[in-house]
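Student: Sequence:
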Amino acid sequence: MLRAAAKLATWATLIGAGAAGAAIATSEDPFTTMKMCTIVPIRLVRDFITAATIAFDYEFSTMGLEQGSVEWSKAKHEAHERSALRLRELCFRNGGIYIKLGQHVGQLQYVVPEEYVKIMRTSMLKRCPVSSYDQVREVFLQELGGPPEKIFMEFDPVPLASASLAQVHAAKTHDGRKVAVKVQHTHLTNTAVADIASVDLIVSFFHWWFPSFDYRWLVDEIRESAPKELDFLCEAKNSIKCLDNFRRISPHMADYIYAPKVYWDLSTSKLLTMELMDAPEITDVNAIRQLGIQPNDVSRLVSQAFAEMIFRHGFVHCDPHAANMMVRPLPSNRWNIFGRRRPQLILLDHGLYKELDFETRTNYAALWRALIFADANGIKENSAKLGAGDDLCALFAGVLTMKPWNRVIDPAVDHLVLEGNDGERSELQFYASQYFPQISELLRRLPRVILLMLKTNECIRAVNYSLVQGASPDTFLIVGRVSSKVVVETKRKLQKSYLSCLIIWFEDMLLEARLLCMQIALWILQLEKLRKVLLG
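So the sequence shown is residues -20 to -1, 1 to 516, counted in mature numbering (1 follows the signal peptide of the UniProt record, and there is no 0).
Do not take every clue at face value.
What the hints assert, rightly or not - Think about it this way: if two alpha-carbon atoms lie no more than 30 Å apart in a straight line, the pair counts; the simulated BS3-like pairs of lysine-lysine are:
hint	residue 1	residue 2
1	K217	K241
2	K221	K241
3	K54	K158
4	K208	K130
5	K360	K221
6	K98	K56
7	K365	K476
8	K471	K221
9	K158	K98
10	K158	K130
11	K98	K152
12	K241	K208
13	K365	K471
14	K476	K465
15	K152	K241
16	K158	K56
17	K130	K54
18	K152	K130
19	K221	K54
20	K360	K476
Stated by the list, open to error - So the derived label-pair ranges between C-beta atoms look like this:
hint	residue 1	residue 2	range
21	K471	P311	34 to 40 Å
22	L479	C214	43 to 49 Å
23	F416	F40	45 to 51 Å
24	C214	A493	40 to 46 Å
25	D337	L490	26 to 32 Å
26	L482	F416	48 to 54 Å
27	K208	L490	40 to 46 Å
28	L490	D370	25 to 31 Å
Calculated from the structure, these hints are not laboratory results.
Ideal Cβ positions, reconstructed from N, Cα and C, are used throughout, including at glycine.
I would like the entire structure built from these sequences, with the hints used as guidance.
Tutor: Quick look at the structure:
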């Protein structure tokens, strides 16, 4: 172990030095970059100490204990907690890309140990770094050639919010428009290369020492997505493309989805000026109700919007946590006689999008259709097409639905509805710990874009759970309807003969009838549950 640690330190120094040299050579400001690269060795030392401590903890905390015993499980749980806290502290101290890594981990429920998810989820979105006003002025001077107080008529030096890569300030343009200005934390682009290289080294080391630990795909994903997320002009273009997709492909949804207007003349790759949105965060249920909007309607809208993005558009917002979505009444929509207004979903932070090619998108739609209708053969066939293999298709279905295989193929109409109670959570955590090596192998096999869909699913599931204070059967019905329609539409496009078109039309009619029956059955179940609650 000591010899391995020494090797890690040596390779960390070499890779860190190489990454630092590359950063200096390619930077537009080599002197500033050289200054930043003096910090890299310190960060590498932190990485090495944290990695070595975690490795030693896992190696020796369960030594001498029988695997699977109560004592072994307790020791493993405590090691997970200690290691997650160490990783969290490392992310906070290094900042930037490390914060982004921690946020990814916090959104991979039942894919990584539960202790990591809980600790990262409760802290990574709330304790992000904040740049000083001097650092903000530095970005303005570099990007727009003047300080904020000159560029804008008003500029609030206290940020409205801060995230892993940037922070947002309220401002007012010289013609009186209220805007939100997203300012990138200083020097992120200069340290990103070395940070990703060092994280890659650490993760590879853990995989070498603990073969069942294989999260190299997560580093690959950050390496690919970080440059795009650090380019705010790319983010602005994503927001425009997202809205354009709804107008072209899903026109029935176009009015219900909104993204803040971008002010291009006040935006650069490190500074993004947008329309300031005055609306509550999507999980602020009380504020949403005060607007005359029902949380159930918002939950359905979120599910519908992301089902359209995933299965129809193939261009998906992959960071839809609560802080990145807001709700307001649909413009020009008045109160109805029941005192309710239709919601409009406002999507923020368009930095992380993923494209699904036609084959992946249609196979993924077919898989979800099979999951909704408890079609075991369809699940196995489409899981294999996506790379899970025949041996891990049941596990893949479980990761997607958070249900064991016997519930996945249960013909009951509410077989995929998550109750969210302690018993169900304990069962899921047990399966996750029992099949950790198999889950790791599954993640290695699947295309990275599907891994991002797992993260997106978990974000949407958490938002919907907060909105309706429990599980929503409507969510799965919406996913089933959109995915099934996409499968039918794809067949229709590929067929040429009249007979084939007639068969597909008949299949579509049967699908509509089946979905209607499912909707009626869900209404009956909900009424039955309500009756039981009222009767005590």
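Student: Each hint: holds or not?
Tutor: Status of each hint after checking the structure:
About 11 Å separates the Cα atoms of K217 and K241, which keeps this hinted pair within 30 Å; it holds. Distance restraint check for K221 and K241: the Cα-Cα separation of roughly 13 Å lies within the 30 Å cut-off, and the hinted pair is therefore satisfied. Of the pairs offered as hints, the one joining K54 and K158 is violated, with about 54 Å between alpha carbons and a cut-off of 30 Å exceeded. Proposed proximity of K208 and K130 is supported: the alpha carbons are some 29 Å apart, at most 30 Å.
With a CA separation close to 34 Å, the supplied pair K360 and K221 exceeds the 30 Å bound. Under the criterion of a C-alpha separation no larger than 30 Å, the hint pairing K98 with K56 is consistent with the structure, at around 16 Å. For the suggested pair K365 and K476, the alpha carbons sit about 24 Å apart, so the restraint of at most 30 Å is met. Between K471 and K221 the CA atoms are separated by roughly 26 Å; this keeps the pair inside 30 Å, and the hint holds.
A distance of roughly 37 Å separates the Cα atoms of K158 and K98; the hinted pair therefore is violated under the 30 Å criterion. At roughly 16 Å between alpha-carbon atoms, K158 and K130 fall within 30 Å of each other, so this suggested pair holds. Under the criterion of a C-alpha separation no larger than 30 Å, the hint pairing K98 with K152 is inconsistent with the structure, at around 39 Å. A hinted pair counts as satisfied when its Cα atoms are at most 30 Å apart, and K241 with K208 qualifies at roughly 20 Å.
Of the pairs offered as hints, the one joining K365 and K471 holds, with about 17 Å between alpha carbons and a cut-off of 30 Å not exceeded. Restraint check: the Cα-Cα separation between K476 and K465 comes to about 18 Å, which is no more than 30 Å; the hinted pair holds. Taken as a hint, the K152 and K241 pair is honoured in the structure, with Cα atoms around 14 Å apart against an allowance of 30 Å. Between K158 and K56 the alpha-carbon distance is near 52 Å, which puts this suggested pair outside the 30 Å criterion.
Restraint check: the Cα-Cα separation between K130 and K54 comes to about 59 Å, which exceeds 30 Å; the hinted pair is violated. Pair hint K152 plus K130 holds up; C-alpha atoms about 11 Å apart against a cutoff of 30 Å. Straight-line distance between C-alpha atoms of K221 and K54 comes to about 49 Å, which puts the hinted pair past the 30 Å bound. A C-alpha spacing of about 28 Å is found between K360 and K476, which places the hinted pair at or below 30 Å, so the restraint holds.
K471 and P311 have their C-beta atoms about 38 Å apart, which keeps the hinted 34 to 40 Å range intact. Take L479 and C214: their Cβ atoms lie about 47 Å apart, and the range 43 to 49 Å holds. At about 19 Å, the beta-carbon gap between F416 and F40 misses the expected band of 45 to 51 Å. Between C214 and A493, the C-beta spacing of about 44 Å keeps the proposed range 40 to 46 Å intact.
A C-beta distance of roughly 29 Å is found between D337 and L490, which places it inside the suggested range of 26 to 32 Å. The hinted range of 48 to 54 Å is satisfied by L482 and F416, whose Cβ atoms lie roughly 49 Å apart. For K208 paired with L490, a C-beta distance near 42 Å keeps the hint of 40 to 46 Å intact. Between L490 and D370 the Cβ separation comes to about 28 Å, which falls inside the hinted range of 25 to 31 Å.
Hints 3, 5, 9, 11, 16, 17, 19 and 23 from the earlier list are contradicted by this structure; the remaining hints agree with it.
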